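Residues in the sequence shown are numbered from 89 upward in steps of one, following the numbering used here.
Because the hints were derived from the structure by calculation, they are not lab data.
The reader is advised that the hints may include incorrect statements.
Claimed, not checked - Straight line, CA to CA, 27 angstroms or less: simulated BS3-like cross-link-like pairs of lysine-lysine: (1) Lys244 with Lys157; (2) Lys264 with Lys249; (3) Lys249 with Lys172; (4) Lys179 with Lys152.
None of the values given here were measured: they were computed from a predicted structure.
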Amino acid sequence: MDLKSQKLLASRILKCGYNRIWIDPIRMGDVSNALTSADIRRLVKDGVIKARQKRGISSFRIKKAKIQKKRGRRKGIGIRLGKKTVRTPAKKKWINKIRALRKFLKQLRSEKKIKISDYRNLYKKAKGGLFHNKTHLKTYIERNKLSSAPIELVSKTEIRKQKRKVKINAKKKGKKDQL
Numbered sequence: 089m090d091l092k093s094q095k096l097l098a099s100r101i102l103k104c105g106y107n108r109i110w111i112d113p114i115r116m117g118d119v120s121n122a123l124t125s126a127d128i129r130r131l132v133k134d135g136v137i138k139a140r141q142k143r144g145i146s147s148f149r150i151k152k153a154k155i156q157k158k159r160g161r162r163k164g165i166g167i168r169l170g171k172k173t174v175r176t177p178a179k180k181k182w183i184n185k186i187r188a189l190r191k192f193l194k195q196l197r198s199e200k201k202i203k204i205s206d207y208r209n210l211y212k213k214a215k216g217g218l219f220h221n222k223t224h225l226k227t228y229i230e231r232n233k234l235s236s237a238p239i240e241l242v243s244k245t246e247i248r249k250q251k252r253k254v255k256i257n258a259k260k261k262g263k264k265d266q267l
């Protein structure tokens with residue numbers, strides 16, 4: 089049974105492509121007898137002729153890649169484009185650095201490990217971009233003998249370890265109380 093003309097009429101009526109037209113295999117006889125567009129419209133209304141759903145683009149691979157990127161994959165040197173400053177702008181780097189230095193200087197001043205006059209001097213030098221990081225600032229203070237007491241730098245990993253220990257101890261206490 090050749091249903092080419094019926095399919096063409098149906099594609100015009102349903103405003104879709106020729107290949108998207110679906111005809112009910114049980115009612116093929118009715119479709120072959122339909123000659124006018126009115127007949128085809130009636131069959132569409134009855135549900136004998138339908139337009140298949142459009143094939144979408146699968147987002148599975150994109151979602152998978154997104155999850156991997158969240159976990160730190162697909163971020164190696166080979167995938168990066170542009171300069172270093174594209175990923176972290178120079179201004180943002182500077183802001184982070186100067187905030188850390190100023191916070192450290194304030195801490196030293198509040199603990200009275202440096203004089204206020206030295207604090208002002210170091211603050212201005214930090215603003216001028218003399219120090220690369222906190223360690224550099226610490227070594228500068230020690231070399232020039234500006235501190236009255238020894239300065240200790242606590243790394244972020246050590247702080248995290250201490251916090252974790254406190255959490256674990258609190259959990260253990262809670263479990264002991266339940267028993």
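task: Could you grab the alpha-carbon distance between Lys264 and Lys249 and see if it respects the 27 angstroms cut-off?
output: 23 angstroms, holds
query: If you draw a straight line from the CA of Lys249 to the CA of Lys172, is it 27 angstroms or shorter?
result: Violated, at roughly 31 angstroms.
message: With the threshold set at 27 angstroms, check whether the alpha-carbon distance from Lys179 to Lys152 stays at or below it.
response: Violated - the C-alpha atoms of Lys152 and Lys179 are around 33 angstroms apart, more than 27 angstroms.
Pairwise hint evaluation, Lys157 against Lys244, where the allowed Cα distance is 27 angstroms at most: At roughly 24 angstroms apart (the allowed maximum being 27 angstroms), Lys157 and Lys244 satisfy the hint.
The structure is inconsistent with the numbered hints 3, 4, although it conforms to all the rest.
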